[in-house]
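Peer 1: Residue-level listing of the chains:
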Amino acid sequence: MSIGLRKTAFTAVMLTAGFFFLFPFFWMISASLKTETEVFDFPIRWIPEHWNAVKNYSAVWIGSPFGLYYWNSIKVAVCTMAMSVAFSSMAAYGFTKVRFKGRDAIFLLLLGMYMIPQQAILVPQFILYRWIGLYDTHIGLILLNCFSVLGTFLLRQFFLSVNDEFIESARMDGAGHVRIFLSIMLPLVKPALATYAILRFIWTWNDYQNPLIFLSNDKLFTLQLGIQSFGNENGQYYSLMMAAAVSAIVPLFIVFIAGQKQVIEGISAGGVKG
Amino acid sequence: MSRRNLTETLTGYLFIAPILLGLTVLTLVPILVSFFFSLTDWSLVQGFKGIHVTGFKNFSLLFRDHVFLKSMANNFIFILVVPATMAVSIVLAVIINKHVYFKSLFKVVYFMPYISSIVAVAIVCQVLFHPEYGPVNETLHALGVANPPKWLADQNYALLTVMMISVWAGLGYNLIIYMAGLQNIPRDLYEAAEIDGASPMKQFFRITLPLLSPTSFFLTVTGVIGSFKVFDIIVVLTGGGPSFSTSVMVYYLYDQAFVNLKTGYASSVSVVLLFCVLAITLAQFYGQKKWVNY
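Chains A and B supply the protein sequences, listed in that same order. My numbering numbers the first residue of the first sequence as 705 and each following residue consecutively. My numbering numbers the first residue of the second sequence as 23 and each following residue consecutively.
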């Protein structure tokens with residue numbers, strides 16, 4: 705078999721596999737356009753018989769506090785992202801370009817902390833939050849996710865690749881670390897910052913556990929808690945939940961497609977896991 | 023210390039101050055507090071005055087607690103998700119890397135689960151695996167399977183179902199890492215093997231697999247740590263049921279701490295969890311000499 709033919713055959717097989725792989729997403733979109741009774745029809749009617757898209761999406765967006773949950777998610781994700789990028793890039797600079805006593809020991813300690821599952825410290829965190837009044841606030845939620853070992857580690861990898869000579873010659877010219885960090889380092893590592901910013905945004909947007917535990921007022925709920933609110937005592941409205949789920953995934957999809965190269969490169973370079 | 027060194031040190035600490043402070047308050051101190059709580063029978067509704075130190079009583083109760091032991095056993099079964107995901111993604115990575123058109127399209131396809139929320143995925147899976155009306159069982163019926171498993175509603179299949187979904191969700195991430203690893207394998211190795219007449223299978227097992235072993239090691243270590251953190255999908259999908267068949271340590275911890283309000287007891291679960299993660303990670307670093315080629 706010629707190489708071209710073999711490649712075409714492989715591509716065809718992989719495309720079929722890809723379809724089954726994405727099956728849940730297609731199903732999600734299709735269900736969000738249907739009436740509730742049609743959701744369970746079998747064989748699956750990919751194109752709905754009775755279009756109910758307008759009704760479903762308006763029930764989600766207008767008939768429920770979903771817009772508020774959306775706004776809350778945007779607020780929390782953007783703030784977490786901005787703060788986390790700031791803190792982690794500062795730390796990454798300190799760990800790579802400033803020589804100080806105890807640097808390597810502290811970095812090792814940080815890496816050790818990566819092993820700790822957050823659930824193992826949920827209880828003390830919860831008590832601390834209740835005690836200092838951060839429980840049930842967005843600020844509290846943001847603070848939980850913005851001190852990231854992973855982010856520091858990832859950015860450190862990129863900062864290491866910046867030649868020290870740049871820094872040294874700027875030092876010779878009398879620039880302080882703060883100025884070097886802001887006007888030389890950050891512009892040089894912009895792609896790395898973008899990578900981490902996108903990843904942090906995705907992780908925070910999809911976070912379910914922390915909002916579940918650290919929020920109780922439903923006016924403060926984020927999307928992930930909101931999606932579930934379409935199930936009630938009378939049962940679950942799958943068509944509505946799917947409309948909510950599709951609405952929740954769309955912005956991430958756009959962010960991912962736009963920053964695809966960055967995300968994939970960042971993950972390959974740092975091997976980061978959410 | 024000279025003046026210059028002193029300012030350098032101060033500047034260094036200034037740069038790492040936010041992260042260090044944040045992690046100390048939100049991670050390091052809570053760990054120590056967890057250790058302390060695990061030695062008490064405290065419930066957080068009692069207020070700080072109600073703390074009684076009971077020594078290791080929680081731990082002896084814990085190891086006689088059937089639900090906890092079941093959850094811990096489930097955690098160890100759940101680790102199997104890691105090699106399963108790696109095996110599938112290594113094959114996919116090799117195929118996508120060399121044998122298909124539209125490489126970047128496939129990367130995006132397999133990466134989709136990584137960017138979508140587990141809540142959305144879990145809700146879809148609830149429907150797909152619904153014992154009576156779900157498309158999975160309808161398809162099995164149509165294919166002539168009389169009594170397909172009830173998946174999430176069946177205590178013998180629920181954990182397996184959750185594990186399959188986890189493999190699906192983790193494939194994209196593993197795939198990307200493996201593809202990055204494949205870029206680092208020198209091409210002339212394959213050319214030399216080709217000349218020696220080695221079959222593609224042989225090339226895979228003798229060149230690709232051994233040279234990817236550092237990548238596999240990385241994925242094993244982070245994957246196993248990650249497998250102990252699985253929480254969202256279990257809360258949304260099964261709530262630990264049916265009859266605790268999908269309960270894992272973190273779920274049990276959550277249940278004890280925030281539903282039953284047994285703070286002390288839940289903290290002893292955290293300590294065991296932490297110990298398991300540390301022990302397995304250390305064991306892996308110790309064992310890597312046997313199979314990782316650098």
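Derived by calculation from the structure, the hints in this document are not laboratory data. Where hints are given, some of them may not hold.
[As the list claims (entries may be wrong)] Coverage of chain B stretches by chain A, computed from C-beta distances (three or more under 8 Å per stretch; other residues unrestricted):
{"id": "1", "stretch": "79-90"}
{"id": "2", "stretch": "138-152"}
{"id": "3", "stretch": "178-184"}
{"id": "4", "stretch": "192-202"}
{"id": "5", "stretch": "209-221"}
[Unchecked claim] Partial list, derived from the structure: chain A residues whose beta carbon lies under 7 Å from chain B:
{"id": "6", "residue": "Ser768"}
{"id": "7", "residue": "Phe804"}
{"id": "8", "residue": "Gly816"}
{"id": "9", "residue": "Met819"}
Ideal placement from N, C-alpha and C gives every residue a C-beta, glycine not left out.
Peer 1: Per the CB criterion, is Phe804(A) less than 7 Å away from chain B?
Peer 2: 3 Å, holds
Peer 1: Should the hint that Gly816(A) touches chain B count as held when the rule is a Cβ pair under 7 Å?
Peer 2: At about 9 Å, which exceeds the 7 Å cut-off, the nearest Cβ of chain B leaves the hint on Gly816(A) violated.
Peer 1: Go through the hint on Ser768(A) and say holds or violated, using the shortest Cβ distance to chain B against 7 Å.
Peer 2: 16 Å, violated
Peer 1: Counting residues of the stretch 178-184 of chain B whose CB is closer than 8 Å to a CB in chain A, do you get three or more?
Peer 2: violated (count 0)
Peer 1: Does Met819(A) pass the interface check with chain B, least Cβ-Cβ distance below 7 Å?
Peer 2: 6 Å, holds
Peer 1: Three or more residues of the stretch 79-90 of chain B near chain A by CB distance under 8 Å?
Peer 2: Result for this restraint: violated, n = 0.
Peer 1: Has the stretch 192-202 of chain B got at least three residues whose CB is nearer than 8 Å to a CB belonging to chain A?
Peer 2: holds (count 6)
Peer 1: Has the stretch 209-221 of chain B got at least three residues whose CB is nearer than 8 Å to a CB belonging to chain A?
Peer 2: Result for this restraint: violated, n = 0.
Peer 1: Counting residues of the stretch 138-152 of chain B whose CB is closer than 8 Å to a CB in chain A, do you get three or more?
Peer 2: holds (count 12)
In terms of the numbered hints stated before, the structure departs from hints 1, 3, 5, 6, 8, listed from lowest to highest.
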